[in-house]
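**Q** Okay, here's what each chain looks like letter by letter:
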Amino acid sequence: MTKSELIEKMATDFPHIQVKDMESSVKEILEQMVHSLASNERIEIRGFGSFSLHYRAPRIGRNPKTGERVDLDGKYVPHFKPGKELRDRVKDNIR
Amino acid sequence: MALTKADIAERLFTKYGVSKRDAKLIVEAFFEEIRSALEAGEQVKLSGFGNFDLRVKNERPGRNPKTGEDIPISARCVVTFRPGQKLKSRVEEGTSKL
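Same order as they appear, the protein sequences are chains S and P.
So that you can map any letter, position 64 of the first sequence is 64 in this note's numbering, and since no number is skipped, the others follow by simple counting.
To convert, take the position in the second sequence, counting from 1, and add 100; that gives this note's numbering.
Relax, there's no trap hidden among the hints.
Which residues of chain S face chain P? A partial, calculated answer using Cβ under 10 Å:
#: 1; residue: M1
#: 2; residue: H16
#: 3; residue: K27
#: 4; residue: Q32
#: 5; residue: S36
#: 6; residue: R42
#: 7; residue: I45
#: 8; residue: S50
#: 9; residue: F51
#: 10; residue: H79
#: 11; residue: P82
#: 12; residue: L86
#: 13; residue: V90
Computed cross-link-like contacts, DSBU-like style, restricted to lysine-lysine with a CA-CA straight-line distance of at most 35 Å:
#: 14; chain 1: S; residue 1: K20; chain 2: S; residue 2: K81
#: 15; chain 1: P; residue 1: K166; chain 2: P; residue 2: K105
#: 16; chain 1: P; residue 1: K188; chain 2: P; residue 2: K124
#: 17; chain 1: S; residue 1: K3; chain 2: P; residue 2: K188
#: 18; chain 1: S; residue 1: K65; chain 2: P; residue 2: K188
#: 19; chain 1: P; residue 1: K105; chain 2: S; residue 2: K20
#: 20; chain 1: P; residue 1: K120; chain 2: S; residue 2: K84
#: 21; chain 1: S; residue 1: K20; chain 2: P; residue 2: K186
#: 22; chain 1: S; residue 1: K9; chain 2: P; residue 2: K157
#: 23; chain 1: P; residue 1: K157; chain 2: S; residue 2: K75
#: 24; chain 1: S; residue 1: K91; chain 2: S; residue 2: K75
#: 25; chain 1: P; residue 1: K186; chain 2: P; residue 2: K145
#: 26; chain 1: P; residue 1: K186; chain 2: S; residue 2: K3
#: 27; chain 1: P; residue 1: K186; chain 2: P; residue 2: K120
#: 28; chain 1: S; residue 1: K27; chain 2: P; residue 2: K186
#: 29; chain 1: S; residue 1: K81; chain 2: S; residue 2: K3
#: 30; chain 1: P; residue 1: K105; chain 2: P; residue 2: K157
#: 31; chain 1: P; residue 1: K145; chain 2: P; residue 2: K188
#: 32; chain 1: S; residue 1: K81; chain 2: P; residue 2: K105
#: 33; chain 1: S; residue 1: K84; chain 2: P; residue 2: K197
#: 34; chain 1: S; residue 1: K3; chain 2: S; residue 2: K91
#: 35; chain 1: P; residue 1: K105; chain 2: P; residue 2: K115
#: 36; chain 1: P; residue 1: K197; chain 2: S; residue 2: K65
#: 37; chain 1: S; residue 1: K9; chain 2: P; residue 2: K188
#: 38; chain 1: S; residue 1: K9; chain 2: P; residue 2: K186
#: 39; chain 1: S; residue 1: K20; chain 2: P; residue 2: K124
#: 40; chain 1: S; residue 1: K81; chain 2: P; residue 2: K197
Quick caveat, the hints were computed from the structure, so don't treat them as lab data.
Using N, Cα and C, we set each Cβ at its ideal position, and we do this for glycine too.
Use the sequences and the hints to build the structure in full.
**A** Following this line, the structure appears as structure tokens:
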């Protein structure tokens with residue numbers, strides 16, 4: 001499912017809301033989530049999961065093309081931990 | 101402080117004038133549609149944010165941490181999240197001074 005398919009599904013859930021307004025709402029939800037993490041603030045959605053930042057220590061990397069060493073600074077990366085309801089709903093999904 | 105569904109709904113109400121009732125239902129539907137797609141075995145790709153993928157984990161040996169008893173952890177499907185490029189770079193910029 002892509003973002004536009006998600007918007008379409010949500011628009012059918014709410015027939016009195018126009019598709020373009022649903023599109024703004026979905027984009028605003030995602031923007032708030034990005035903004036929150038970029039401000040080092042966690043996201044906690046009960047039954048869905050939580051998003052937080054994990055620290056990656058500085059390291060010496062290599063340019064894979066030239067083999068040259070590159071100093072990489074420490075950084076924070078987003079991390080998602082699925083909540084209980086989500087875990088329970090997908091766990092039997094082994095095809 | 102963590103961002104919650106109530107915070108997100110409040111913002112839809114103040115910024116877009118969506119009614120408080122609809123704002124709450126829209127936020128709930130947003131997460132529910134993602135859960136439903138994953139439950140149906142479908143990957144979810146939200147461009148600019150990231151992808152929710154499904155991975156099959158084989159059975160592995162586990163242990164009850166309280167009793168120390170050996171119990172196998174059954175084969176199961178789990179959700180993994182891969183942040184998109186825009187989310188990663190916004191986080192790196194936002195946290196560069198931490």
